[in-house]
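So the sequences go chain by chain: U and L.
For what it's worth, my numbering labels the leading residue of the first sequence as 1, then goes sequentially.
For what it's worth, my numbering labels the leading residue of the second sequence as 1, then goes sequentially.
Treat the hints with caution; some may be incorrect.
Label pairs and their computed distance ranges (CB to CB) [what the hints assert, rightly or not]:
id, chain 1, residue 1, chain 2, residue 2, range
1, L, Glu128, U, Leu280, 28 to 34 angstroms
2, U, Glu7, L, His43, 55 to 61 angstroms
3, U, Val205, L, Glu72, 36 to 42 angstroms
4, U, Thr63, L, Ala154, 21 to 27 angstroms
To list a few chain L residues with every Cβ distance to chain U over 10 angstroms, as calculated [claimed, not checked]:
id, residue
5, Leu32
6, Tyr102
7, Ser169
No wet-lab data here; the hints were simulated from the structure.
Every residue gets a Cβ at the ideal spot worked out from N, C-alpha and C, and that includes glycine.
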Amino acid sequence: MKPFAYERPVDVSSAVTTVAGRPEASFLAGGTNLVDLMKMEVLTPELLVDVRHLVSRRIETLTGGGLRIGAGVSNNELAADRRIRRRYPVLSQALLAGASYQLRNLATVGGNFLQRTRCPYFRDVTMPCNKREPGTGCAARDGHQRDLAVLGASDSCVATHPSDMAVAMAALDAVVHTVGPSGERSIQVNELYRSPADGPERDTVLERGELITAVELPASPVAATSRYRKVRDRASYAFALVSVAAALEVRDGSVTEVRLALGGVAHKPWRAATAERALLGRPATEANFRAAAEAELAAAQALAGNAFKVPLARNTIVSMLRTLTEEA
Amino acid sequence: MEQKITLRVDGKERTLTIDARTTLLDALRERLGVTSPKKGCDHGQCGACTVMLDGRRVTSCLVLAVANDGAEVVTAAGLAHGDDLHPVQRSFIAEDAFQCGYCTPGQIVSAVAMLREAEEGWPSVVSEDLDADRVVLDREEIAERMSGNLCRCAAYVNIVSAIEKVARS
Numbered sequence: 001m002k003p004f005a006y007e008r009p010v011d012v013s014s015a016v017t018t019v020a021g022r023p024e025a026s027f028l029a030g031g032t033n034l035v036d037l038m039k040m041e042v043l044t045p046e047l048l049v050d051v052r053h054l055v056s057r058r059i060e061t062l063t064g065g066g067l068r069i070g071a072g073v074s075n076n077e078l079a080a081d082r083r084i085r086r087r088y089p090v091l092s093q094a095l096l097a098g099a100s101y102q103l104r105n106l107a108t109v110g111g112n113f114l115q116r117t118r119c120p121y122f123r124d125v126t127m128p129c130n131k132r133e134p135g136t137g138c139a140a141r142d143g144h145q146r147d148l149a150v151l152g153a154s155d156s157c158v159a160t161h162p163s164d165m166a167v168a169m170a171a172l173d174a175v176v177h178t179v180g181p182s183g184e185r186s187i188q189v190n191e192l193y194r195s196p197a198d199g200p201e202r203d204t205v206l207e208r209g210e211l212i213t214a215v216e217l218p219a220s221p222v223a224a225t226s227r228y229r230k231v232r233d234r235a236s237y238a239f240a241l242v243s244v245a246a247a248l249e250v251r252d253g254s255v256t257e258v259r260l261a262l263g264g265v266a267h268k269p270w271r272a273a274t275a276e277r278a279l280l281g282r283p284a285t286e287a288n289f290r291a292a293a294e295a296e297l298a299a300a301q302a303l304a305g306n307a308f309k310v311p312l313a314r315n316t317i318v319s320m321l322r323t324l325t326e327e328a
Numbered sequence: 001m002e003q004k005i006t007l008r009v010d011g012k013e014r015t016l017t018i019d020a021r022t023t024l025l026d027a028l029r030e031r032l033g034v035t036s037p038k039k040g041c042d043h044g045q046c047g048a049c050t051v052m053l054d055g056r057r058v059t060s061c062l063v064l065a066v067a068n069d070g071a072e073v074v075t076a077a078g079l080a081h082g083d084d085l086h087p088v089q090r091s092f093i094a095e096d097a098f099q100c101g102y103c104t105p106g107q108i109v110s111a112v113a114m115l116r117e118a119e120e121g122w123p124s125v126v127s128e129d130l131d132a133d134r135v136v137l138d139r140e141e142i143a144e145r146m147s148g149n150l151c152r153c154a155a156y157v158n159i160v161s162a163i164e165k166v167a168r169s
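Chain U extracted, bound-state conformation:
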């Protein structure tokens, strides 16, 4: 690890001012990803600004039925919260499908959104990587392709976003609240991530020094019938090859509400809006589920080593919708 300084500011605004003014500074929260990347010298901040004690660790019920989750809530605390388990089971399951209990006790909700890709070439400083070092090229495209993206990738980057939590948050239309050098703002999770076509080195639309302080889950009756399914190379403690977050409401045999997002297939949690449109108002049949999944995946661009993800995503969507129809 390169030497760095550590600061513990007294409030959010001084933390934001410090990081905004120093390009070599970085926020520190749970540290599960950042400290790891610093050990490998993939990231080499000269100053860590600790924010874990500054952001809320509470989950508040909002008037209207939504929840406001402090960015400092740990992944395990969020997964275990009774309101999340009852009203947004997809989120609880997604959290529990990620990492291990030890890591989830450290990892925060805010930090989970900002995890860097687990693309092995990003994590290997001896390899070219446009995300780590802009302009050096992409070693992944002609390398080990199993974990790479099939949707939304660019010539310069085919990395996937590793979060499970963010996939559920995308399906639930969650909103991230931030404080930055130019004040407070709210960003839809579905608007948080940037396309790798315009500079893969920046994962999100957040400005330098902009800090996630909370996440808001809107009230969502359909979320009571929701689930997360993760397909991976071993039964536990592995990143997703493909994952599906879904919520479904069926009345008189037809889909009246649906939320669908995919993980492991793109640079961001992939909200499957095309599939949602194809499902809405139509009979909840296996044939329609399959057609909707295929419509979403029509834009997929696979490489030889990750082509399996396209039928895998299709089949996982179909089986998930079938399960939810039986429960609905």
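Could you slot chain L onto chain U? The hints should help.
Positioned in the frame of chain U, the structure of chain L alone reads:
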């Protein structure tokens, strides 16, 4: 950059001056001589370094010591009362739940913390009823909840048995 911190380790207050780069694992092992947490992967993937930090199990190799001034740390060495071993430690011996023993302190701390989490009703991804009041720790639940602790000798069958025995008693 050196900073002074105080940790409460296995019930004893310890003050030390550390470089900001020092992980909790290195502070424990290299500076304080507390060697029960082991360095396996040093990347949060194997669980050999598991300790309880303010009551929750964590991988101490990914924790910066400087960010945890004043914290309470419990390692496997702090679980026993003198010669009176913790029930999980006794069960690991009775069930022959290890081979080389390198991952064992991490497994044991993890298991003790896991039993508490289950007591608090925390769910797992294999829990059939996500909202159940009471967690029933069958073998599948134990395996899932212990998946952050790897054992390269693959003593898993007996590790699960050792924990199952304590969970049932």
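Now the hints, each set against the structure:
Look at Glu128/L against Leu280/U: about 30 angstroms separates their beta carbons, and that is inside 28 to 34 angstroms. In this structure the supplied range 55 to 61 angstroms is violated for Glu7/U paired with His43/L, their Cβ-Cβ distance being about 25 angstroms. The hinted window of 36 to 42 angstroms between Val205/U and Glu72/L holds, with their beta carbons roughly 39 angstroms apart. The beta-carbon spacing between Thr63/U and Ala154/L, approximately 53 angstroms, falls outside the hinted interval of 21 to 27 angstroms.
Non-interface call for Leu32/L relative to chain U: holds, since the shortest CB-CB distance, roughly 19 angstroms, exceeds 10 angstroms. The Cβ of Tyr102/L lies farther than 10 angstroms from every Cβ of chain U, with a closest approach of about 17 angstroms, so its non-interface assignment holds. The Cβ of Ser169/L lies farther than 10 angstroms from every Cβ of chain U, with a closest approach of about 22 angstroms, so its non-interface assignment holds.
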